[in-house]
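Those protein sequences? They're chains A and B, same order as listed.
Okay, so the first sequence: first residue is 752 according to the working numbering, each after it adds one.
Okay, so the second sequence: first residue is 69 according to the working numbering, each after it adds one.
Note that these hints are calculated values from the structure, not bench results.
Take these hints with a grain of salt, some might be off.
[Said to hold, decoys possible] Cβ pair distances, simulated, as ranges:
1) A/Ala853 / B/Val199: 27 to 35 Å
2) A/Glu796 / B/Gln229: 25 to 33 Å
3) A/Asn778 / B/Asp238: 17 to 25 Å
4) B/Pro248 / A/Gly839: 39 to 47 Å
5) B/Ser155 / A/Thr851: 50 to 58 Å
6) B/Arg207 / A/Asn880: 32 to 40 Å
[Said to hold, decoys possible] Some chain B residues flagged as far from chain A (calculated, every beta-carbon gap over 12 Å):
7) Asn131
8) Ser155
9) Arg158
10) Ser187
[Claimed, not checked] Sample of chain A residues at the chain B side, in silico, Cβ under 8 Å:
11) Ser765
12) Pro767
13) Glu769
14) Val770
15) Asp773
16) Leu775
17) Val777
18) Glu779
19) Glu807
20) Tyr808
21) Glu824
22) Ile825
23) Val849
24) Leu852
25) Thr854
26) Phe896
Since we're looking at a predicted model, the values are computed, not measured.
A virtual CB, placed ideally from N, CA and C, is assigned to each residue, including glycine.
Given next are the chains, with one letter for each unit.
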Amino acid sequence: QGQVEFGGMEHDTSDPVEVVSDTLEVNEEAGTAVFSGDVLVVQGEMRLSAATVRVEYTQQPDAAEGEEQEGNEIERLHASGGVVLTSGEDSAEAQEAVYTLATGEVVMTGDVLMTQGGNLLSGQTLRLNMETGNGIMEGRVRTTFSPGNGN
Amino acid sequence: MRRRDNPYSRFVAWAKIVLPLAALALLSTVFLLARNIDPTQAIPFAEIDVEELAREQRISAPNYAGVTEDGAAISVTASTARPDPDSPERVDATDLEAELITATGARYQLSSQRGEIDSGADMAYLQGGVVVTTSSGYRITSDAMSTSLSRTLLESEGPVQADGPAGRLDAGSMSLAPLPDAEGDDSANHLLVFNKGVKLVYTPSD
Chain A
752 QGQVEFGGME HDTSDPVEVV SDTLEVNEEA GTAVFSGDVL VVQGEMRLSA ATVRVEYTQQ
812 PDAAEGEEQE GNEIERLHAS GGVVLTSGED SAEAQEAVYT LATGEVVMTG DVLMTQGGNL
872 LSGQTLRLNM ETGNGIMEGR VRTTFSPGNG N
Chain B
69 MRRRDNPYSR FVAWAKIVLP LAALALLSTV FLLARNIDPT QAIPFAEIDV EELAREQRIS
129 APNYAGVTED GAAISVTAST ARPDPDSPER VDATDLEAEL ITATGARYQL SSQRGEIDSG
189 ADMAYLQGGV VVTTSSGYRI TSDAMSTSLS RTLLESEGPV QADGPAGRLD AGSMSLAPLP
249 DAEGDDSANH LLVFNKGVKL VYTPSD
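Looking at chain A on its own, in the form it has when it is part of the complex:
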């Protein structure tokens, strides 16, 4: 397990989220929305690019109708197909990432590779809190320092 610092700048989760992609498919009945075709999610300093991003809405249980009414708040973004997350000069790569908007928490899974300043960190899952900027790398963590640039 490795403690990491990521993107020191103050990340505000109430910043507007901008998503740019080739297509957006909304399944009316299932209520899912999937962005595909080199998707780029930008919020404040954070930029997350992936092949597809699935939007998950908040499920507010609507007492009136009994079944869960699909809220109009975005709760989580599920990015998959090779995800690159950059914030400031730090960047992390993984196969998949889940970004929870409310808490500003990003969980990256699938041979995660993180560069921080000079050194390189790799592992299986990386849990980042964008607001505080710190995170935990888990699963076969390997760190390679590149001596010499002594930052």
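Mind docking chain B on chain A? Use the hints.
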């Protein structure tokens, strides 16, 4: 019989002369002082060109209702519809409004200023400020859209703007088509696809 001269008789004698004269004067005002009647504004009438109305066939408040192949009820109404003179199957309509209710209950309302219904090709083309509202909360505006009357197929030629649960969205074009089910024909579910470059801005409310 000696004439008895008393004020009352004198008054009656005068009355006998003055009253008929007054009556005569009153009567003459009916003819001499009558308003001159202006024939041009005798009856206010509408300015519509009557020949045009007579020459072409025009249906007012037409409506078309039907069921598409995948079981969606479609109804199209307009304020006026005129058959296209050079092709009998095409009808030009104004203030077009269409409603699509799919078998699963999803509802799409379309409205536009002008439109053309081509019953030959089973298509309706909407132009001019097209607005589509979907039951899942999307409000899509575009300037031209076509919808099929036999299938739930809605396509926009040009760029569209949309407001919806996912936020505010601009896209190059949009289409709504039924999802193919196992055997490949139209299932009752539909996919709303925005393509040719999508840009969405979502502002979290918390």
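Status of each hint after checking the structure:
| no. | hint | result |
| --- | --- | --- |
| 1 | A/Ala853 / B/Val199: 27 to 35 Å | 32 Å, holds |
| 2 | A/Glu796 / B/Gln229: 25 to 33 Å | 28 Å, holds |
| 3 | A/Asn778 / B/Asp238: 17 to 25 Å | 21 Å, holds |
| 4 | B/Pro248 / A/Gly839: 39 to 47 Å | 45 Å, holds |
| 5 | B/Ser155 / A/Thr851: 50 to 58 Å | 57 Å, holds |
| 6 | B/Arg207 / A/Asn880: 32 to 40 Å | 35 Å, holds |
| 7 | Asn131 | 25 Å, holds |
| 8 | Ser155 | 34 Å, holds |
| 9 | Arg158 | 30 Å, holds |
| 10 | Ser187 | 27 Å, holds |
| 11 | Ser765 | 5 Å, holds |
| 12 | Pro767 | 4 Å, holds |
| 13 | Glu769 | 5 Å, holds |
| 14 | Val770 | 4 Å, holds |
| 15 | Asp773 | 7 Å, holds |
| 16 | Leu775 | 4 Å, holds |
| 17 | Val777 | 4 Å, holds |
| 18 | Glu779 | 5 Å, holds |
| 19 | Glu807 | 11 Å, violated |
| 20 | Tyr808 | 6 Å, holds |
| 21 | Glu824 | 7 Å, holds |
| 22 | Ile825 | 6 Å, holds |
| 23 | Val849 | 16 Å, violated |
| 24 | Leu852 | 6 Å, holds |
| 25 | Thr854 | 10 Å, violated |
| 26 | Phe896 | 38 Å, violated |
Going through the hint list in order, the structure does not satisfy hints 19, 23, 25, 26.
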